[in-house]
Structure formats: structure tokens, C-alpha cells
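Asker: So the chains spell out like this:
Number of protein chains: 2
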Amino acid sequence: MHFSKAIKQAVFSLSFVGAATVGFADPLPSWNSGGTKSAIIDFVEAVTDPASEDYVTPADRIAVFDNDGTLWAEQPAYFQLFFAIDQVAKMAEADPSILTSDALKAAAAGDVEGIVASGKEGLLQVLGAAHSGMSVSEFKANVAAWLAEARHPTTDRPYDEMVYQPMLELLRYLRDEGFATYIVSGGGIDFIRVLSEDAYGIAVNQVVGSSLVSEYVVGEGAPMLMKQPDLFFNDDKGGKPVAINHHIGKRPIFAGGNSDGDFEMLEWTSAGDGPSFGLYVHHTDAEREWAYDREGHIGVLKRGLDEGADRGWFFADMAQDWAVIYPNTAE
Amino acid sequence: MHFSKAIKQAVFSLSFVGAATVGFADPLPSWNSGGTKSAIIDFVEAVTDPASEDYVTPADRIAVFDNDGTLWAEQPAYFQLFFAIDQVAKMAEADPSILTSDALKAAAAGDVEGIVASGKEGLLQVLGAAHSGMSVSEFKANVAAWLAEARHPTTDRPYDEMVYQPMLELLRYLRDEGFATYIVSGGGIDFIRVLSEDAYGIAVNQVVGSSLVSEYVVGEGAPMLMKQPDLFFNDDKGGKPVAINHHIGKRPIFAGGNSDGDFEMLEWTSAGDGPSFGLYVHHTDAEREWAYDREGHIGVLKRGLDEGADRGWFFADMAQDWAVIYPNTAE
Numbered sequence: 000m001h002f003s004k005a006i007k008q009a010v011f012s013l014s015f016v017g018a019a020t021v022g023f024a025d026p027l028p029s030w031n032s033g034g035t036k037s038a039i040i041d042f043v044e045a046v047t048d049p050a051s052e053d054y055v056t057p058a059d060r061i062a063v064f065d066n067d068g069t070l071w072a073e074q075p076a077y078f079q080l081f082f083a084i085d086q087v088a089k090m091a092e093a094d095p096s097i098l099t100s101d102a103l104k105a106a107a108a109g110d111v112e113g114i115v116a117s118g119k120e121g122l123l124q125v126l127g128a129a130h131s132g133m134s135v136s137e138f139k140a141n142v143a144a145w146l147a148e149a150r151h152p153t154t155d156r157p158y159d160e161m162v163y164q165p166m167l168e169l170l171r172y173l174r175d176e177g178f179a180t181y182i183v184s185g186g187g188i189d190f191i192r193v194l195s196e197d198a199y200g201i202a203v204n205q206v207v208g209s210s211l212v213s214e215y216v217v218g219e220g221a222p223m224l225m226k227q228p229d230l231f232f233n234d235d236k237g238g239k240p241v242a243i244n245h246h247i248g249k250r251p252i253f254a255g256g257n258s259d260g261d262f263e264m265l266e267w268t269s270a271g272d273g274p275s276f277g278l279y280v281h282h283t284d285a286e287r288e289w290a291y292d293r294e295g296h297i298g299v300l301k302r303g304l305d306e307g308a309d310r311g312w313f314f315a316d317m318a319q320d321w322a323v324i325y326p327n328t329a330e
Numbered sequence: 000m001h002f003s004k005a006i007k008q009a010v011f012s013l014s015f016v017g018a019a020t021v022g023f024a025d026p027l028p029s030w031n032s033g034g035t036k037s038a039i040i041d042f043v044e045a046v047t048d049p050a051s052e053d054y055v056t057p058a059d060r061i062a063v064f065d066n067d068g069t070l071w072a073e074q075p076a077y078f079q080l081f082f083a084i085d086q087v088a089k090m091a092e093a094d095p096s097i098l099t100s101d102a103l104k105a106a107a108a109g110d111v112e113g114i115v116a117s118g119k120e121g122l123l124q125v126l127g128a129a130h131s132g133m134s135v136s137e138f139k140a141n142v143a144a145w146l147a148e149a150r151h152p153t154t155d156r157p158y159d160e161m162v163y164q165p166m167l168e169l170l171r172y173l174r175d176e177g178f179a180t181y182i183v184s185g186g187g188i189d190f191i192r193v194l195s196e197d198a199y200g201i202a203v204n205q206v207v208g209s210s211l212v213s214e215y216v217v218g219e220g221a222p223m224l225m226k227q228p229d230l231f232f233n234d235d236k237g238g239k240p241v242a243i244n245h246h247i248g249k250r251p252i253f254a255g256g257n258s259d260g261d262f263e264m265l266e267w268t269s270a271g272d273g274p275s276f277g278l279y280v281h282h283t284d285a286e287r288e289w290a291y292d293r294e295g296h297i298g299v300l301k302r303g304l305d306e307g308a309d310r311g312w313f314f315a316d317m318a319q320d321w322a323v324i325y326p327n328t329a330e
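Protein chains in written order, with numbering that gives the first Met the number 0: chain A, 0 to 330; chain B, 0 to 330.
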């Protein structure tokens, strides 16, 4: 977080006011008191106060958030992979001849380890089968049907109820304070758009993500946008600032992520001229969620941990900073 | 335009009310009375009236517009080409060694015919020199500096004062009625964003266009987005519906264009389930602007003229339907 000295002083005095009012108007009730919660509130107060020298005009209050592991859970595998596996199984029921490889057979059998064993090529086969060869509308209908029925393998919750309550509060708080909130995810743009409005209150035009090539096709009937198997854009690492420029056209002043795939997005956000806030969600809670960072097959956070504090970024330590993880859970 | 029968009747009765009120609250004062103006107003009244069966909720009131030849002029060549030519000349002043081809030499000499004579490859060299090899911020600063100084070769007006007054009124009218207005242009997204807010009241995140690859680069100093010479996306013809899905994520209900490059955008818009409006700006005014359609090197409108009426689209005949062309002109 980059603050002028004047604002640091103002923030210091504001913190007393904050303490006095927190009882009846806490914008982040599921966040435990502490440095990160205070820093978020101090930042928002500073950039929204017209008298502050860190004031930012509403049109420039852009906040961007990664999705997997930042706004909802991502273990034991990206939820979009579970969708793909379930989708291949469903397609194979209708037409078993589609199972032309070991990876697709593993997917149809719900054998995640089998898919992983088939390597990157196998993984792309499974994703490709579920994500291409149909129109964007058909794809979205498939995702919606899956979301309505599917349950997470260990929590047994619907996937869209594995969003993080503290992050929902943060999104709402930022919007209440005049921010535009965007998702900037390595996940699929068409996939996330099916749930973004209901799950996060984020309109579809404020979702940025990875995507396959799609093609405008006019056949016998109505024109369609057909999803092709080739990758159009990989919205990860340095791709995130590129996609932010492409879709939003402005540099954000607030960025939230959870892995090294988000590093460049936080770096780009922090490199702006004015005030900025970088937030890393740190998965430290093996009991209520999952604990992982430096090692693993997903959501690796290594460089972020090593450099984040020096860069002025804040960490949401899930075990310590979050009173609840998921919505509608009494904890 | 696709209207239910009930709404046609309502529209018929509304037209009397419209006639009575037009004297003091005409939303489109620079449009002459006539079929196209009435059709636009009837459509907007229908989709914004909660009692109408053609009512469209504000979140789905998406309007998309081509830029060159639709919102501003495009003759005798795309304005972005004039920018590129001027930019190459400016760069050559600082470093003449950049003029490594006949096309670049022609550009530096302001010789448009020479560039055209060098073919597509030469044209791409000129565009490439002006549009790549610098950061997005530098590029935008170049465009802003050019817009402030450059004058159109025949009208001597600043380019951003060659926007069409009737279309400015249409954009404002649609926004006043709860529409989100987007530009969906074959022109460059970074280029148009420099002027979209001031010229059209369209925020940068609502600009969709063609683009070159850009790359996130971290060097000694601050990170940068560097513009590369390779094309990332060509936002023309079937690319327009693809880009609309990519950026907006919803099908528009209003689309305006002026050439066959916009045909698929109007087709896609009209193929939605609900009411829709397709508008073609028809360049018929050789006196106040330019007259061209079926033939030429730019803005060719052939299929649109042949099929538009049957598809229920409307034409803004510039000579007949527009009382003025450019803002601040007494005519």
C-alpha cells in the first residue's frame, strides 16, 4: 500500500473513529480485527475522501480479483476441472464412442488421478471435450445445469456456495464506496460469467478470463458463436495486466489474488502513480479450508510470500483474519 | 426491427403523443422527421416501457456502434491511417534511418497514394511503425498529442470534431433511457480509447476494437505493456459478434454500423429472442460529407443495402435524415 505521509497521519486518527463506529457499521463483519482489515478500511477511506490527497475519482476506482482460491475455493482441483470431468461423463453416457483416449476414459470414470497421470495433453483433451464443439449458449447452459446439481467431493456443498464470505463482504464494501469490481481470472471467461452475477454481484461485462477461440457461424438456422478447441488467451501471470488493459483500459488501484499467477496483476496495480492496495489471500486454514502455499499442484504462492511485504502488499491469513470462510455457516 | 403486434399498435398511438411533445423534448433534434427517426424513438419507448411486452430490463439494454463512418467520418481514409502517417513523419524527423522501405518513405512525405501503391504489406509497415515498439501509455500520449494538433486534409477540422452530431444525440438518448453504449470498431482499441470519453461520452471499458499483441515487460524501471507488431484480434465482420461476446458477454439489442464489415454485428443483434434494432448509416451526402456505398476502398455497403430492409433494419440517409452532420455547424 502506498500512502503519502499526510494520509498516514489521517489514517491514524481515523482508526479511533473506526473503532468507535465498528460496532454498528462494520463493512467487513467476517474479518477479524487486525492489520489487514484495518489497512483495507483505511485505504478505502483515504481514496474516497475528497479532502484526502490520496482521493481517487470514482471512475478510477477499479478493483480486480482473481477467482480460483481468491473468491472461491480451488481444492482439491480447480472447480472448472470437476465440471469438465462431469461433462465428459455425461457426454459419454449419450455417446461412449467419444472416449478415444485414456484421459477421456479416466474422466468418464471420475478418476482424477488417472487424468493427472495422462499429463498435460490428457488434461487438455478433457478440458477441450467439455469446452469446445458447442455454441457459447449451449456451453453456458451446461455450466448452469452442472452448478445446480454438482456437489464438491469433500464438503458436499454446491460449488457456488464455496465462495468466501469475507471476500463477498469486501466486494460489496468496495462497490458501496464507488469501486467497479472486476474478476480477472485464469479460469474460463464463459464459465465464470454463468455464476458471477449471482455469486459475487459482478456483471458479466466485468468478468475477464482465459478463453478459447470462438467463431461466428451462420448455418441453416440462427447464427451462433461456436467454441473452438484452440486457446485464444491465457489470462495468467503477465497475461493479467494485458487482459486488464484490453478489457478495462485503466490501471486498477486495488488487486486481490492468492497465487504467483496473480503476482504481475498486483505488481501492475502497485506501479500506478497514485495510491494502491495489493491483497494476497493466504491459505493457512487446514481445518476450515485448505492449507497450502509454496508447494503443490495448484495455487502456488512463493514469490508473493517472499516479496509481498516488501512491496507493501497485505495478506489475508485465512485462519487468523477470517471469522467465517463460507456463507451461511455458523462457526 | 422486430416488434410484436401489440407493440406496433402501442407505437402507433404513441406516435401521436410523440408529435405533440416533440416541440419541447425532442431527444434527436438533429434528425429530420421521418421513418428512421420515428422508428428509433418507437423502439426505445417500447423497450423502456414496463407495461410493454417488448420491455427490456436496463441491464440488457446493450447498444453497440461501429466507429469509422458510423460515429465519425472515415474519408478520404481512416483517420487512424492519417495518425500513422503523421507519426511516421514525426519519428523520421528524429531518426531518418527508420525509413527502410518505400511505404515508410511515402508516409514520411505525406504521400498517401504512395502508401496505397505499396500494397497491403506497405500499409502494414506504416501502421506497424506507428502502433508498435512502444508502451500502451506512450502510444496513447502520441494519439492525444496528434488529436490536439492534426487537422483533416479537406475540412481542416480537428478529427475529433468530425463526429456526427445526430449520432451523439442518439448515444445520449440511449444512455438517458438506461442503455449501455459500446463502440465495437475495426479500428484500434487503444486508439479509440483516447477520444471515446470526450468525443462520445463512452468510458474506455466500453470500447471494443482491433488490437495488436501487447506484452507485459518488467525491465529496470516500472513494468510496462509493450505493443508488439503482431495482430491480436481483428474486430471486423464475424469478429464483431465474437468480440461482443468476449467483452460484453451479452447480445446487444441495438446495433449501428455503416458498412458490410458491420453486417454480422447487426445480424447477431437481430437474431436475439426479444426486440432489436439494426441501423445503417448511409453515406448519401456528397455536399456536406461524402457519398459512397457499393464501391470504393473504404466503408463498402453492398450486402447491407441489398438485404437490410428485408431484415427489418433501418437506414439513416445522411442527406435526407440528418439536419446537421458535425457539431457546432450552422447549416
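Mixed in with the good hints there might be a few duds.
For identical chains, the list gives no copy identity; a pair is met inside one copy or between any two copies.
Unchecked claim - Under the rule of at most 20 angstroms between Cα atoms (straight-line distance), these lysine to any residue pairs were calculated in the SDA-like manner:
no. : residue 1 : residue 2
1   : K249      : M225
2   : K249      : V203
3   : K249      : Y54
4   : K249      : L194
5   : K139      : I247
6   : K89       : D101
7   : K249      : A202
Just so you know, these hints were derived from the structure itself, not from any lab.
Asker: Check the structure against each numbered hint from earlier and tell me which ones fail, lowest number first.
Answerer: Those not satisfied: there are none.
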